[in-house]
Each structure stands twice: as structure tokens, then as C-alpha cells.
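Which chain is which? The protein sequence lines are A and B, in order. The first sequence: position 164 = 1004 (the numbering used here), numbered continuously. The second sequence: position 217 = 229 (the numbering used here), numbered continuously.
If you're looking for bench data, these hints aren't it; they were derived computationally from the structure. Quick reminder that beta carbons are idealized off the backbone N, C-alpha and C, glycines included. There could be a bad hint or two in this list.
So the derived list for chain A, only partly shown, Cβ under 8 Å to chain B, looks like this [to be verified]:
#, residue
1, L934
2, C974
3, F1010
4, D1028
5, D1105
6, L1108
7, E1115
8, M1118
Taking lysine to aspartate or glutamate pairs in the EDC-like style, the calculated list, with each CA pair at most 20 Å apart, reads [stated by the list, open to error]:
#, chain 1, residue 1, chain 2, residue 2
9, B, K306, B, D171
10, B, K170, A, D908
11, B, K170, A, D1105
12, B, K306, A, D912
13, A, K1121, B, E96
14, B, K170, A, E1120
15, B, K280, A, D1084
16, A, K940, A, E1120
17, B, K170, A, D1077
18, B, K280, A, D1086
19, B, K53, B, D123
20, B, K115, B, E96
21, B, K280, B, D80
22, B, K280, A, D1020
23, B, K136, B, D123
Next come the chains, spelled out residue by residue.
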Amino acid sequence: MSGAGQVCAERRVARGRVAPAPLALAVIGLTLALPVWGPASGGPDLPAVLAAAGQSPQDRYVTPRTADGLPDLQGVWQVMNSAAWDVRDHNGALGVPAGKGVVIGGEIPYRPEAVPRQQRNYRERATADPVSSCKAPGVPRITYMPFPFQIFETPEYVLMAYEFGFHQRFIYTDGSAHLDGIPIWMGDSRGRWDGDSLVVDTRNFTGDTWFDHAGNFHSAALRVVERFTRVSHEHLDYEVTIEDPDTFTRPWQMRMLLYRRAEPDAQLLEYACWEHLMYEKGLNGTTPPPPFGR
Amino acid sequence: MRVRGALAAGLAAAVAGTLSAVAGAQQFGPVYPASACTQVKDYAAFHRCALEAIGRFEPARTPDGRPDMRGLWIGSGLAFDLEEFTPTQYGPEGAPANPAGGKSHIVDPPDGRIPYHPWIRDIKPHFIDVYIPPATGCFQFGPQRFFLLGQFLIHQQKDVIVFTTERYHGHRIVPLDGRPHLGSAFALWMGDSRGRWEGDTLVVETRNLNGLTWFDQVGNVLSANATLEERFTFIDANTIHHQETITDPAAFTRPWTIAHALQRSALKGREAEIWYEDNVENCSDALQSQFNLKKRWWPGLHGLAPWAVPDRSTP
């Protein structure tokens, strides 16, 4: 497995190309729909989320069931935030929409020795971000990339298919244990149903992925626990717990809403990141001779 | 699933920049043997047998009454060369990157040859000398090649079928709800697929291709105008007859059809799991060797010189 840095250091992708339109909406959506959201308040509480979704806590949303009797989270979903650029509070910049942070409490508890690496990552993010060279975004970043993804459920697994880079996750819910130490770019996801929530425990990461474009990073010791809960017909509450004792002094959490792509003709299209990169930039900046006729 | 890095490495073993052997089905673990039509490597014979067997087998059904195709399957194709080829056609016999020959996957026309327009047939042998096989670039294979190699999982629901593969983690989401195709401006690596049931046969129509993918490793191509019709029919409990008809007047003189068996994997439990597999993350070395040979990206038939595509407007 080639280290991300080795390849990435010489590549560059213009961030502004990555779907700006949904992100413009994202900022508006956050501002209008979720006035109480934000690290300053210690992260959103569920009543506030429900209120934002047009439900009162007394009139709790009843999660529909699939034909197999599972909580029905199926559909096409997408964030309306800019966490993929920075999971913390951040100002707008060229090609980067401003955004309120999704980290509960606001701060990522880096160990002191990890802080310089995060700062270096930030300075060199244009090339050092693994996603800049179309590597897998990893988990949880794939969830809040500004692209839609689709959830499919069976009693044995939950399949999440992503528009970004054709990625997919098979989340086995059959009680099986994690693989024994095989590192996987997107981790090894094992899930269970907890009431109306899908809880996914993902391990076996490579340590080569980042949480965002701002250089927030982790080691291969990363363990991610995600909780997907449908809080209205149109919203999933997405809560993530991050554990990585090699990088952080304590576990920490992120929380955000996922929005249903409610257009009747919603479908995943393609963002062929690697193919675009190779055709337009080539490998390590050495574009092959142009095709005939161009 | 134990393909792991061998996948990228296998396709990448594009030695000396010529060809690379694509892993044979045996790499993907055991399958349940075919019982109705056993000649799965003689594609024409299998096809003739399957057409007679269709309708005689009563498949297991999903709760909504459709043939139950859920599970892990392995394509019996080789997809090194879609047409018949000999063990020495692409290099010395027994060379690691040179598969041992194979029969044509093409069942119509009966001669097993792709009915290219003559100008494409004339220049096709040079494609592998000039262009990087798209799969060697770790690009998506395209829907026309999806079932020809590797193993894949069929996820089946009443209103949607998802074909998904560990290989380059590609997926094809096929709505069955009758929605219309995308507009013609979309040109996609995996195309835009729509499915329907005709009795017990799943029919999938695909268009909106981008013309940048190949059928195999030796430069068999189609244009961005191509449309595919795939038909999936059980012929025994563990074998699906898969046939694919390509219609593409810009590239071919007539529609043509390939056919082969999809065989149910006998892997169980953990061995049958689809793991996320790195691929583009691993692709750099193989690509660098292609670049060192001054090879180019395949520009598509539409990217060749203007004379190369005489009639792109043909519907």
C-alpha cells in the first residue's frame, strides 16, 4: 500500500471544482434550519434537531420499517455542511464555504505531540490531503463529502454506495467479528441495530486518511463508532465517536444532520475522481502524451 | 474475499507495457458446478444449451415473487480478449502475462468476431501499442465488462437491483421502477442503467456511456453512443445465463451479442464477504511503467481524428 504522502506530495487538485453548488446550499441550510447548532452550545441536542425537522419531542417521529422489519433508513442522503473542508468552525476562503463546526465541544483533543503534524498537514493540505490525489476519504469523511450516497438494507448487511469515487461500504450486521488486523482504506465496518438506530463500529484503518481538508488526522489505531438515526422523513441524525489513543487524549464526537435527496428522480451520478485526475493531470504531474485529435 | 492486492497487481502486470493477464475465475474461490449446461468456457456452446434450458427451471423466489438472484456470483468470462485467441497470439506461450488462449465470447454474429466497421478493425491491433488499457489505469471497467471478470454481489430489492464488485469497488445501481433514463448530456463510466422483469428474465438497458472503457485488455472498444441490453435468466439453481447485446452504429455494422455463465460462489461466511479494497490507492507503479513507454490515455473513438467517427449522430 503506497503511503499517501509519497504520492500526494506532488499532486494538486483544484478544490473549487468539487461541487460548489450543493455547498452554497449547505451553508444556507445550516443557517436557516439549525439555529441552535454549534459547538458553543455543546453540540445539538435531539429536541432541537427534531424541532428543526418540524417535529416536537412529544410527537416523536416513528421510524418506518422495511419489508424485513428493519428501521428504514434507505434512500439517497447528503450533508448540507462544509465539514469535508474543516470539521471545526471555519471562515470562508477561495473555494471553501464557511461553516460551523460539527465537533461537539468545538475542540479536537490532540495529544501535544500530534499538534505539529496537524499544523503541517494544514499548511500542505493542497497536495498532502489524500483526497487531493483521489485516495479513499475513509470513514467518517466519506459520509460528509459534499456528494450524495445511497443506503440499502438487508438483514445481513447494510450497503452504502457513494457518488464520490464509486466508493461503497458493506456493513455486516450479522454479528460477525472484525477482521483480524487487515488494514483497509475504508476500514472494516460491522454494524448492529440498536432500537431505531444503526450503530456501525469501524476499525482496521490504514492511518493514511484524514477527517477533512484542513489536515485533521488520525493513526491506524483509529476506531470509529457511527450512529445513524432517522429523526424525520427527511433527516438522519448522524453521530460519530472517534477513538484513537495514539493521536487524541480522549474520545471525541461529531454530530450533524444528513438530508434526504427528496427529488423524485434523485439518483447517484458519478464523481470519477481518479479518472478525472489521471486524464487531466496524469500521475505525479507527468501527464502522458495527449490523445490523438486533441 | 481473498483477491486483495492481487487484483491491482494482476491487471497491472502489464509487462513491457503490452498485456496483462486478468485473473481467471479460479482465483475467486469455488463455485457450485453448472448442471444444466456444463460447457461454461465454450461460450457459444453454453449459449445454445442455455437458450434451450431457459424456461425449464423454476428458480427460488424473493418475497415479491421474482427469481432470487441475491448473493455472490462469479463471471465465467476471461475478458482478456473478447474474441477467440491462441496461446501464442500475444506473446510466447507460457509467459506469465499471457493467458492460455480462449474461445470467443461472441455468440452473434456466428463467426464470433466483433462486427467493427472496417476502419476500426484495421487500426484496432495498434491500440495496445499506443494506449493504456483503461483497467490498467485502475479506471472503472464500464458496464459492458462488469460481469466478464471477477466476483460480484447482487443486491436485489423490489424496486432496485445493485450490482457491486470488490474489484475497483465499482457498483451499478439499476432502478426497476420505470423511471426514464438520464438526459443525453450525461457520459458516465458505468453508464445509466434501467431494469425490468420480462417474466423470469431480468432485462437491463444501459446507455449514457462515455466510450472510454474497453471490453478487455487488447483494445476491443465501443463508442459513447453504444447502448447495451443485458438479459439475466436462471438455467439451474446456481447458474444464470447472462447475455449482452451491444448496439452502436458508430462502431459496429450491426448489433452483436456476448453470452456466458454467472456461477454462484460456494464461498460461505467470512470468505464470501465483500471487503472494501484499495485500488487506485495502489495503482501508481503499474501506471508509471505505461507512461515510461509513452503510452496515452484511450481517447475514445470520438477522440480519435475526426475521420475516425464518420457518423456520431446516428441514433
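Checked against the structure, which of the hints given earlier come out wrong?
1, 9, 12, 13, 14, 15, 16, 17, 18
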